[in-house]
Amino acid sequence: MSDWNELYLEVILDHNKNPRNNEELELYTHEAKGHNPLCGDRISIQIVLENEKVKEAKFTGSGCAISTASASILTETIKGKNRSEVESLFENFHGLVTGKETEKELGKLAIFEGVKKYPARVKCATLSWHALMAALEGKEETTTE
Amino acid sequence: MIKKGIKADFPILNQKINGHDLVYLDNAATTQKPRTVIGSLENYYNHINSNIHRGVHTLSQKATESYEDSRRKIAEFINAENQNEIIFVRGATEGINLVANSYVKPLLNENDQIIISQMEHHANIVPWQMICEEKGAKLKILPMNIDGELLVNELENMINRKTKFISIIHVSNSLGTINPINKIIEIAHRNNIKILVDGAQAIQHIPIDMKKMDADFYCFSGHKMYAPTGIGVLYGKKNLLDEMPPYQGGGDMIKSVTFEKTIYNDVPNKFEAGTPNISGAIGLGIAIDYINDIGIENIAEHESNLLEYATEKINEIDGVRIIGNARNKASVLSFVINKIHPHDIGTIMDSHGIAIRAGNHCTQPIMDFYSIPATARASFAIYNTKEDVDKLMISIKKTIEVFK
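Chains as they are written, first to last, in this note's numbering: chain A, 28 to 172; chain B, 9 to 412.
Hints should not be assumed to be uniformly reliable.
The following label-pair restraints were derived from C-beta to C-beta distances [as the list claims (entries may be wrong)]:
| hint | chain 1 | residue 1 | chain 2 | residue 2 | range |
| --- | --- | --- | --- | --- | --- |
| 1 | B | Gln-137 | A | Glu-79 | 16 to 26 Å |
| 2 | B | Ile-25 | A | Glu-114 | 57 to 67 Å |
| 3 | B | Ile-271 | A | Lys-166 | 47 to 57 Å |
| 4 | B | Gln-137 | A | Gly-165 | 28 to 38 Å |
| 5 | A | Gly-165 | B | Glu-194 | 53 to 63 Å |
Example chain A residues on the side facing chain B (calculated, C-beta under 10 Å, incomplete) [claimed, not checked]:
| hint | residue |
| --- | --- |
| 6 | Lys-44 |
| 7 | Asn-48 |
| 8 | Leu-65 |
| 9 | Cys-66 |
| 10 | Arg-69 |
| 11 | Ala-92 |
| 12 | Arg-148 |
| 13 | Cys-151 |
Just so you know, the hints here were simulated from the structure itself, not pulled from any lab data. Cβ atoms here follow ideal geometry from the backbone N, Cα and C, with glycine treated the same way.
Using the sequences and the hints given, assemble the complete structure.
Printed below as a string of structure tokens:
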């Protein structure tokens with residue numbers, strides 16, 4: 028591990044303090060709750076999928092700075108993407124935060140690279156993504172365990 | 009008084025973490041080990057290693073002597089009537105499971121009740137849930153107040169003819185509360201109910217005297233009292249242990265075995281099937297020597313002073329709230345900071361070389377009680393100093409600064 032500066036980048040701190048799309052959708056096509064039993068974090072993701080494209084995405088719930096910022100940036104990133112684009116984004120993102128891959132077409136998500144030095148925090152960064160994947164698969168709940 | 013320079017007895021403390029001198033404040037999870045305990049493991053494997061009991065060769069006799077000598081030390085340390093009341097287990101968790109399965113389960117009928125408390129560690133919840141489910145019995149919860157003190161006066165009203173057993177934590181690992189265990193035991197016994205006390209967080213902080221306390225069962229883990237992991241103790245009153253069936257079958261717990269009939273060994277061997285953690289048991293004895301050299305009363309006083317100092321200092325910081333404000337507390341300081349998740353606190357503090365714990369501390373019902381997901385927890389041991397507390401406070405202030 029090293030300096031916390033590499034983990035808590037300004038952008039992450041900003042998204043933690045002012046999370047985007049942090050509200051419930053009145054109408055949605057897919058929803059799932061993600062739970063990290065290790066720290067008690069709970070993040071719910073709601074999306075509107077239209078013609079196989081994400082039209083709208085919101086999240087609710089509470090978590091640490093990493094899971095909150097990750098959920099916030101997720102909702103921004105996936106808008107306009109189709110199912111397979113979202114899936115490959117998650118795959119690349121997972122590779123990045125676990126240190127298995129270097130940055131690969133991740134755009135803004137690349138700021139989470141610092142997580143790879145904190146194995147205990149990988150689940151924080153991926154909680155909202157696991158919830159999103161569960162939602163796309165038609166499941167109601169998932170845990171990071 | 010605790011002598012100065014005690015940190016030097018603990019080799020692990022002499023290192024840098026992320027460029028800072030390590031400040032280890034995760035003692036409620038596990039304590040560090042003094043040189044003498046580490047040395048005893050090396051000595052055991054270099055000079056004594058052998059299987060115990062029934063060995064006729066020299067090494068086996070030496071190993072047996074050291075192992076049983078440790079049992080004697082433990083019996084003295086907690087002032088048990090008889091050293092055969094000391095059963096070696098893996099830790100407090102195994103001790104509770106042993107009592108649940110060997111003593112309580114055979115007593116349970118449908119709709120019977122077991123009483124535990126609101127502030128139990130998962131280890132003192134789940135084993136009871138498991139046997140309750142099996143037998144159709146019910147778990148009743150003794151409540152606590154917002155300061156984290158058990159409402160002991162309600163215990164009497166909760167007890168009825170269906171109540172078969174009580175199991176209560178002595179010192180809360182999340183809140184630090186020292187429960188009025190003598191009073192609880194007195195109520196249990198007045199109602200003819202046996203009681204187990206989970207002493208995992210008490211044994212290293214306060215003097216324990218089984219004769220005075222009169223608990224029927226008491227359990228603790230070695231690794232929280234400066235001994236190795238994987239060794240712990242279940243104390244049980246001899247007459248109860250004698251009448252209990254074995255917990256596990258195997259070698260060493262029998263007198264004779266034929267395919268038709270096995271005759272079980274006497275206590276404590278009846279409950280120690282298979283080759284035990286011999287080096288761990290010996291190490292636990294050496295850890296007790298270490299505690300005795302300093303004196304448990306001195307340790308209690310030192311830690312209590314540290315807690316008082318830390319409580320005072322942390323209360324001066326805006327936005328920080330202590331979780332657990334019992335009048336009688338051991339050296340556990342659980343806290344939350346406004347709008348900062350405990351895991352973020354833990355990560356930032358680690359970058360300052362400070363090891364604290366962040367999470368639910370295996371006490372999810374306590375977190376639910378306070379409607380919080382987790383707490384940050386600093387817990388103090390004999391080697392901690394006021395300087396450690398000062399560093400903790402600086403680190404808390406810097407953490408608040410980061411998330412401002």
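Violations among the numbered hints: 1, 2 and 7
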